[in-house]
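K.L.:
These protein sequences, in sequence, are chains A and B. The first sequence stops at residue 504 when you use the working numbering, and every number in between is there. The second sequence stops at residue 828 when you use the working numbering, and every number in between is there.
Honestly, the hints are just simulated from the structure, not real lab data. Possibly wrong hints are sitting among the right ones.
Unchecked claim - Partial list, derived from the structure: chain B residues whose beta carbon lies under 10 Å from chain A:
(1) W691
(2) V693
(3) N695
(4) G707
(5) N709
(6) A716
(7) V720
(8) R722
(9) G775
(10) S807
(11) A809
Where a beta carbon is used, it is the ideal one built from N, C-alpha and C, also for glycine.
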Amino acid sequence: MTAAPALLQARSLSKSFPGVQALANVSITVASGEVHCLLGQNGAGKSTLIKVLAGAQPPDSGELLWRGELVAFKHPTAALARGIATIYQELDLIGGLSVADNIFLGHEPQSLGFSMRRTIRDEARALLDRLGCADIDAGSIVEMLSAAQQQLVSVARALSYDARLLIMDEPTAVLDRAETETLFRVIRELVAGGVAIVYISHRLDEIREIGSVVTVLKDGRSVAERLPAQSTPTSALVQLMTGRSVEYPFPPRPAPPAVDTRPKVLEVSGLSRSGAFADVSFAVRAGEIVGLAGLVGSGRSELLETIYGAARASAGSVRMGGQTLPGGSTETAVARGMGLAPEERKRQALLLDDSVFHNVSLPSLDRFARAGLIDARRELAAAAEVLGSLDVRPADPERIVRELSGGNQQKVVVARWLLRNCALLMLDEPTRGVDVGARADLYALVRALAADGIGILLVSSEIPEVLGLADRVLVLREGRVIHEAAAAELDEARVLDLIMAGQA
Amino acid sequence: MSRPIVAAAAPPPLRKRLFAAHNIGLLAAFAAIIVAGSLLSPYFLTASNVLTILTSASVIGVISVGMTFIILAGGIDLSVGAIVALAGVCATTPGAQGLGWLAMTAICTGVAALVGLLNGVLIAYGRMVPFIATLAMLVAARGLAQHISGGVPQTVNDATFNTIGSALVLGVPLPVWVFAAVVVVGWIVLNRTTFGRRTIAIGGNAEASRLAGINVARQTLVLYVISGVCAGIAGVLLTARLTSGSNDVGNLYELDAIAAVIIGGTRLSGGRGTLAGSIVGVLIFTLISNIFVLENLPSDIQSIAKGVIIVAAVLLQGRSASSK
Ligand SMILES: Nc1ncnc2c1ncn2[C@@H]1O[C@H](COP(=O)(O)OP(=O)(O)OP(=O)(O)O)[C@@H](O)[C@H]1O
Ligand SMILES: [Mg+2]
């Protein structure tokens, strides 16, 4: 145990939702100047725990001590007033307001009741600079920003409170390496100044890098408290989280055929979209997993969306199974056997207020319909099966998607396309927010799909994921394919060099 | 396996929906109004008054079915009242009347469908905001109706057409049968078909629906045609009941329909709601009017009562949404 005084102490917190015990007797102690990491599978209760700590949700039972004093936060503002600021997993910015207004929403610097626009702007600018966001204008409207930029704005907002305890729920899920590095630098500065951080991430390497101690949750209970973040073996952490061991998450890669005679499911030639990417040509064969590596903003997602017909190309062609796609129609693309699991689940994929199985069956409704009438029994049964194969929890297909944990929502996005029987499946950041164990399951599923002859196009910011899962890798930089090689011939350092500098 | 498709659909979601907090509030309000009505007037619960209530609910009721689809899909249709007037006027010109009652009916729904199609094109392909496009259509359609009719009511001389508004089938007025048929068809389409599912999907998240391979533009176009057709059917019922077509009927019907849909629990931004709720909403408003008529109360008070009900229903909705 550290000698530092307990800043926040939670005792026997419990919280249940209809049909789910999200937290059961969880206790946690956070000391000043430490980065306290929370680990646990999707749905383990991490986000629920921090919402209780932040006053966003009342616990059913249990007590909170803030610097030794018993407190009960009725509202997040009560926690903020004490010095607890929180970055939630689901972004909670106001889309129509400017960056600066979002950062200071609810605590605008005021003078005689008038908010001081000048001061707000300048202070927002300073916070953004501290986070290395030179490219974000304090005056721009938040909904025009990318997911990563919005995440950084939420970090800036949390920093603006000068809090003594900063809670971060998967802040790096949408950030790239450089942005993550800057965030870690800021965290180190804060910690050196005595601020405490509660940090949630599914990336164990991050926890090694900045964590002090680790608390592990499983099924709403804490199964280990205050383990040393650097020295606890990964196998032990994974075992605690999942109850099993995940040695190497990637399934074995089949030996490439000497002469590749597999038919090409997708042929892209000379595809361009002004401002995003130019002159991209490649093919995906049946049964092949092709990975696209590149920085956020290198045109990866735009490329997938254009192939899929969600955006129009300015030049070039896309052929599926030998036939040219007309372009500009997702309906045609899906009818011809394409599927796209997009990058931003909340904005681009999910019907948050609808049931899980309605979300899963959305592109496949025709499969369950005769003369337009849906056979809901068959639909429900088929959806339940794919949801089970991804271990979506709770395993209730009629639950509203909004009530699922972040990682489980992500699994729903992927599950949707497993049901569809695509010929070409494009996965854009499929494991964002997914826990270690479920990742291994997902990788195995993707490999099994390939073995069935489906072509897979994979985009991921995590280079090890691209290298571990794909057969062949295309490296994208500033909208151009600068390198193509078998995944086995590449390593992480080499890919990093390529995407950063472009040297061959 | 051909027959039981509809029956086989899983019932639990419906049960859950019926017991949702907001629906309890809506049904309680409905029940309270019925109790109040029967206490106030011994005549209220007689069979003939119930049929009167249903008959007068039929016009707004049919429009509200279309409006439920539109609002669920995240849109709004302000032109339905004007469509009722325009379609009624077009169907009652001397030329149209010369073609007989069947043609008059076809013209009425056809004109309405065309106006709906125009709304749909403007919104789905012209990328106009539904509020603006249908507001423009409201103004233009009324203007056109006035232009065609010269601003004077056109009396319907075709007796067969007029009986649509009053004929009894098995003791129940024809408009009530039409209302019931539209509701049943609407319910099946909304809850049991791919079309209905896609409608709710685009209201819940249009971008996600597009990326799931749904042709959002075409779906939107068809939805506005449906709303137009519903207004056209309402136009037939109203014209037959009034035995004339006039450019100033159907005033503010759009607001009555929207209010019914909203107090029925459909979210104004789309993606969530039920057709049954809208129908209860229509009936609540009609019951109130009926009670005020029976009790000879002034209509200004009636409007105030409607306003209060809308506010109460929306407050209740907010309560149940935030308690989740
Ligand atoms: N508002 C809600 N209504 C119903 N159930 C909920 C609600 N919020 C959370 N849950 C349930 O509580 C459990 C814990 O969810 P929580 O979001 O805390 O998980 P998590 O550990 O943050 O997971 P992830 O790593 O996927 O983000 C899950 O089973 C989830 O479905
Ligand atoms: Mg979470």
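K.L.:
Which constraints among the numbered hints does this structure fail? Numbers only, ascending.
P.N.:
Those not satisfied are hints 1, 10, 11.
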